Amino acid sequence: MRQVFSSPRLENVERVAQLLGEAGIQTRITHGRSYRGGRRSNFSYRDAARTEPEPAVWVIRSEDQPAARRILRDAGLLDSTRGETGYTFRSTQPAAGAPGHKSPFRLKLWLLLAVVVAIALALLSQVGPGPVAPGTPPPTAAALPAGVSPTPDALAVAVLAGELPTRADQALCLSVDGHDPAPALLAALPPTPGRVIPLSQCPTTDLPRLSIADYRVHAAGGAGSITLSRARDADAPPVLERYEVSHGARGWRVVELL
1 MRQVFSSPRL ENVERVAQLL GEAGIQTRIT HGRSYRGGRR SNFSYRDAAR TEPEPAVWVI
61 RSEDQPAARR ILRDAGLLDS TRGETGYTFR STQPAAGAPG HKSPFRLKLW LLLAVVVAIA
121 LALLSQVGPG PVAPGTPPPT AAALPAGVSP TPDALAVAVL AGELPTRADQ ALCLSVDGHD
181 PAPALLAALP PTPGRVIPLS QCPTTDLPRL SIADYRVHAA GGAGSITLSR ARDADAPPVL
241 ERYEVSHGAR GWRVVELL
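Quick note on numbering: my numbering labels position 42 of the sequence shown as 42, and the sequence is numbered without any gaps.
Honestly, the hints are just simulated from the structure, not real lab data. Since the model is a prediction, treat every value here as computed from it, not as a measurement. Be aware that a few hints might be false.
Claimed, not checked - Taking CB as the label site, the calculated pair distances span:
| id | residue 1 | residue 2 | range |
| --- | --- | --- | --- |
| 1 | Thr-205 | Arg-242 | 23 to 29 Å |
| 2 | Ile-119 | Ala-23 | 58 to 64 Å |
| 3 | Arg-106 | Ala-182 | 54 to 60 Å |
| 4 | Arg-106 | Glu-52 | 36 to 42 Å |
| 5 | Pro-190 | Ala-220 | 25 to 31 Å |
| 6 | Pro-238 | Pro-190 | 22 to 28 Å |
| 7 | Val-115 | Glu-52 | 49 to 55 Å |
| 8 | Ala-75 | Ser-125 | 42 to 48 Å |
Positions of the beta carbon are idealized from the N, C-alpha and C atoms, including for glycine.
Throw the hints in and build the complete structure from the sequences for me.
Okay, structure coming up:
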């Protein structure tokens, strides 16, 4: 006969004996009755003043010991190691000193994390933005004079009606508000057999130039005036024309030449 389980609580010992008995293993409980009589409501596993021997479960037949150990191990009641006196009940109650040991560890962990973050921020502050490639300055929009509003793309499309190339061998260079037209504006232009080229990308100086600028709002809804400039080439003096424009339910409309 060999002891396979012990616990300060008689209830635990009785449950283990019942579990093994249901598996057909004959057991015996020792120190049961006397310990039952001394059961207290304020029981604690850390009671160091106990002098009575603990209740224990013994397996009567030696050939049943491996099966008993396997059942108790699978039930999660015991540690996986076996001492000389058999298995003892594994309490899930944390030790009294555990919180005190965890606090310094957590403090060290937070301090280490703070040091890592500080080093990372220091490294990032030393890394500046990448150098700008020579010959490709960042694009900047031209500053507009006081009282002048940016030209809406739809208004520019309306002003350019009748000004676009009509043949495949024709091309013109375009600027809006002093800089290249936005890709969205070029995409919104009606189809044309020729080419409309941003002014900064004009391949030659002999191509005609168109410039839309000086959009001034005079009334609610965007009604106002705008200037269209034409030049035969880069060296020719521009011809300026001022138009009255309005915006309605059907979109922008160039009303008349001022």
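**Prompt:** Which of the stated hints cannot be reconciled with the structure, identified by number in ascending sequence?
**Reply:** 8
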